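Novice: These are the residues of each chain, in order.
Number of protein chains: 4
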Amino acid sequence: MYFGSDNQTGASPKVLGMLAEANNEYSHGYGDDRWTDQAIEALKALFECDLEAYFVATGTAANSLALSCMVQPWEAILCHDSAHIILDESTAPELFTGGARMLSVSNGQGKITPEHLENYFQTIGTDYPHNVRATALSIAQASESGLVYTPTEISALSRVAKGNGLSIHMDGARFANAVASQQVTPAELSWKAGVDVLCLGATKCGALCAEVVIFFNKELAKTFIHRRKRGGHLLSKGRVFGAQMVGWLQDDHWLELAKHANTQAAKLAETINGIDGLQLVWPVESNELFVVMPKGLATYLRDAGAEFYDWYVDTLPPNVTLQDDQQFARLVTSFATQDSHRQEFSELIRGYFIS
Amino acid sequence: MYFGSDNQTGASPKVLGMLAEANNEYSHGYGDDRWTDQAIEALKALFECDLEAYFVATGTAANSLALSCMVQPWEAILCHDSAHIILDESTAPELFTGGARMLSVSNGQGKITPEHLENYFQTIGTDYPHNVRATALSIAQASESGLVYTPTEISALSRVAKGNGLSIHMDGARFANAVASQQVTPAELSWKAGVDVLCLGATKCGALCAEVVIFFNKELAKTFIHRRKRGGHLLSKGRVFGAQMVGWLQDDHWLELAKHANTQAAKLAETINGIDGLQLVWPVESNELFVVMPKGLATYLRDAGAEFYDWYVDTLPPNVTLQDDQQFARLVTSFATQDSHRQEFSELIRGYFIS
Amino acid sequence: MYFGSDNQTGASPKVLGMLAEANNEYSHGYGDDRWTDQAIEALKALFECDLEAYFVATGTAANSLALSCMVQPWEAILCHDSAHIILDESTAPELFTGGARMLSVSNGQGKITPEHLENYFQTIGTDYPHNVRATALSIAQASESGLVYTPTEISALSRVAKGNGLSIHMDGARFANAVASQQVTPAELSWKAGVDVLCLGATKCGALCAEVVIFFNKELAKTFIHRRKRGGHLLSKGRVFGAQMVGWLQDDHWLELAKHANTQAAKLAETINGIDGLQLVWPVESNELFVVMPKGLATYLRDAGAEFYDWYVDTLPPNVTLQDDQQFARLVTSFATQDSHRQEFSELIRGYFIS
Amino acid sequence: MYFGSDNQTGASPKVLGMLAEANNEYSHGYGDDRWTDQAIEALKALFECDLEAYFVATGTAANSLALSCMVQPWEAILCHDSAHIILDESTAPELFTGGARMLSVSNGQGKITPEHLENYFQTIGTDYPHNVRATALSIAQASESGLVYTPTEISALSRVAKGNGLSIHMDGARFANAVASQQVTPAELSWKAGVDVLCLGATKCGALCAEVVIFFNKELAKTFIHRRKRGGHLLSKGRVFGAQMVGWLQDDHWLELAKHANTQAAKLAETINGIDGLQLVWPVESNELFVVMPKGLATYLRDAGAEFYDWYVDTLPPNVTLQDDQQFARLVTSFATQDSHRQEFSELIRGYFIS
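Protein chains in written order, with the numbering used here: chain A, 1 to 355; chain B, 1 to 355; chain C, 1 to 355; chain D, 1 to 355.
Pulled out of the complex, with its shape left as it was, chain A reads as follows:
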């Protein structure tokens, strides 16, 4: 019963199969190969536009390299209080941007709102070069609370952000899950709503290690190849990324994988919602569940072999107070979550409350 993270699985058989297929040939290094080319063409088709796309091995690399193309070292990046880029990626953004500043603006809500941005711009000092100017906004899709931004919401953020000179970065480590949870296209959820740069992650949703930085705003991509190389992120056997991505994108495989994960999460949410002693802190809109539960239950589940993380208490919304005997936990489903595991886990929960 693995609900710890969507990175606790291997790759989907289809993705792994494509990697094995690509293994059996000679090709040029550093991304000059037919798998990489094919993956980029697939991305253009998927997003219905021209774009530049560059592969890297980790989400941290993707986000930090993308942001380094969007701000100068004396500028700032606005993001959610509990964004992965500010909480979980060490000071990678500072390293790659040459020392730009991370600023959080959301005050305990699950998503950034236009009001957060407006408030920021109304009160912040603008006496340059003394003050630090924000020039990029980063939002996560799905958000760090498992919520999804709608195209309308992104457009509204974009209007305020661009009106103040910011470009827009989307951390799409769970972009697939966000698409799967809405009746929208990838284009509608990204560039059509104002996103300049999307870090699309396949790793959490069926690949071994494949993240791609997609520049819809190609002007921002000018320095990327230099930044990637000096960051040590240019793989010599570039096909490793290309092949995984080809397999992942083919025949909407990525979307099926994401749908499966989301469905498992929705079913788990149903179970949890049906129990009085449990509280879902945020609506379950993708593949993550944030649960306030009795400490006893957490122990009970883990003793039974279940895996999940205690979660950062400082990311609780202001209206939720943790009691002494309560614990804040995160459950994550994935493309590989099996009905049987979810059901066993659900039974354990129900059993705990009955006993």
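Derived by calculation from the structure, the hints in this document are not laboratory data.
The model shown is predicted, which means the values in this text are computed figures rather than measured ones.
Check before you lean on any hint, since a few could be wrong.
Which copy is meant is left open, so a pair is good if it fits within one copy or across any two.
Dumping the calculated EDC-like pairs for lysine to aspartate or glutamate here, alpha-carbon to alpha-carbon at most 20 Å [claimed, not checked]:
#	residue 1	residue 2
1	Lys267	Glu344
2	Lys14	Glu25
3	Lys162	Glu256
Fit chains B, C and D to the supplied structure of chain A, relying on the hints for placement.
Specialist: Then chains B, C and D, alone, in the frame of chain A:
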């Protein structure tokens, strides 16, 4: 009527005189001169302890270089929401620390409290290397609201900070004013209360350009000379700093200058407190006044030749709301503020409200 | 006929097979998995010592992160004039070290000698913090000219280097080839000869993407996990590296792969040495051949479908002058080079000179 | 008898007087003052063109900040083997450029020649982003050997440099001496010959601390104010630089000071040239003398109270070999060198050889 900043004056005649005196001789460069030696000896006497002291030209350089000795590039510095180091020094801390993170913890109060720190440590993630660990606390003395920390307050902060592995930096751009406003010694206000590194500024209080980074915790000083040199902050004619500092420290000159500035501020505060339409946002404990005033008054004063700054609205405490016809202003007095100027300014204010 | 680079192949079937095997299970992320553990144990056995080992995806990342643990930002790294780290890795060392300096010391010879180092230390300025102090030496094994350092040679370099306060880094992108070409153990070729940190590369010799930074001097490893994370080089599905490395190390597979590559190179060298119009610039001691050839031959071979690189003219030794009708080329063999390809290539060469 | 460095003096009385004069008034901070304005106007008049000019306290800061505007972090700066920026300024260029690389190209000659550049461009690898591309050339005027570049020489360098996409930086720590030694204008020695950015130093030639970064190519200046601020190099009392520079430039004071220094050097050179046991390594064209002398003489002179530096042996030209009983020394004259001191020093030298 200059109340814009304490950097709008030249040096005190005594400080300038010492610089002129030092001009007339040969000496070695880079701080290997008798003026620098004498200044360091004077600092040891003033602080009643052994210490290491290094001179630089600006407060930004002093703070950033000091902090770079206290944190690793993957660590964080805690400070007040409106600290000079986070609001007014661009991303200098990030440059010099190699990309460490600035984190504010004070939530709209005028000074950092032990509760701010405790709350931070109780809720923050500690899953390294993913999360960013805070390893330094920076406080400003006087604070960015013109308030002073007492030795007891600093000790209380220090206990929580050091209990969590942080070393303590004090931004002493107005340390002289803070000493002058309390019946305490420089030692009591610094190392005796737990401060590891003090950036003592003479520039705002009577020098032309002379800041000194004082390491009470000499262990932290090990890399300083390399950091200063590669920051371009090692002056070839080192006597420039040494001589100013000798003049500044001699015969308690620094303290007299600070007392004068504080007294002028206190008298101005009296005037302001006596008028219904004006509000001092913070108690006046050093040489800065933060005033909510009618917009009309601000215009009236400036038309009459007075200088002062509009201040950052985001630094207002939560209990103060700015009306549409109001303005938030900062007034600063200095060693050079003359009674006549202050009186003229006060008359203008009174006149505005009578008319 | 691929002689362009040893990164133009996929993985060996055995390495790929192990990756596929590891794919089929749940495990913790970020290297907390049994494959990573097993790989580290295998490294300890191979090197006959305790060590710390960290995996990354590229040689540039491995080298730069390793070096960042060995020098301060105001120090320098000595290396060969044509070292990969100075010629082919952009300014990655500068990024990760925070701005340390790369200095080359070899003056056109194929390997660094103790005399190079002695000359450097005798003439360089030591007026710190003005001058830049070298504190690390980096050597490549096999060298950038395809030569191998013997244990005796490494020990001699080490004596001079350590006598001057330097620690020793070995770029082992082709360490397997260097071991395969000598009757020595991995231990004799690394820590027993004074190497502190070895970047051992599997990618060029049979893996898809697997490099490991091995700290024999564990003191130097203290900050590595932070540096790797903030560099975006901590893979979430850590087994990707672990599994490849397990497969690579098992049953001396790595050594067989390297021997095969070396043998192909030796046979090709024989062919070339037998032809008057061709000159091998350096003895062929591993899997690289550096050849001065008629421009016509280069064109002829490429027209026939052969792949190889023109090589950096500034890496030619002083005693070799390139004529107008000559070209400087590099040929690389790999674990995947087939006899048939090599023979076809050799026939083409011979044919050119007969015709 | 101070011949150690031109930074061992104070300021000229005229420069100091202007600083004292500027001290007696209120003015805005951060360079928004009439002294700074006046200095910039004087620079425009002196250089007969429009320009942007920014003041800082040290030559290291001036050079590093200037270079940071000229190269990206993944690019390189070409300079002379013994350039101050590569030998004496720690890794300041790396810090401010964000990790660009310093490359020396001169091979032991006193000045960089067009051939040095041509050779570099003909042999260097251009496989980006792997290789590092040079995009700036830095020359020192006067050079680190005390030689001066003529306008014709600079133009010739400029042609090769710009033909290869490089912009040109001039380290003018001794620009005044270089102008004084030739019958040319400052314009002819800078922008008219192709210089894009000049770091003009007053400190070594009569100021206390005043260096100015002059952008003839204003396009390159766009980010300077941000870089200066975050480098901690924006002085709050900006008049400190402005006033010194006004005094220095007024009535060709700077040129008189430089001429005096040069004349003293020329006379000292005459003495040295007249003595068999002494060798001037380079022609004396500004205010520095590089002398190979008997070790006994060096001791004798120092015992008599003379000050001068032993100089970097690795900067000796290839045709000069130091014997065991010889020492390599640098003598520097300054605006403050008195005839009597020079004569006393000369007498000591002559006395040594007679005795």
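Novice: Hint numbers the structure violates, sorted upward?
Specialist: Structure breaks hint 3 only.
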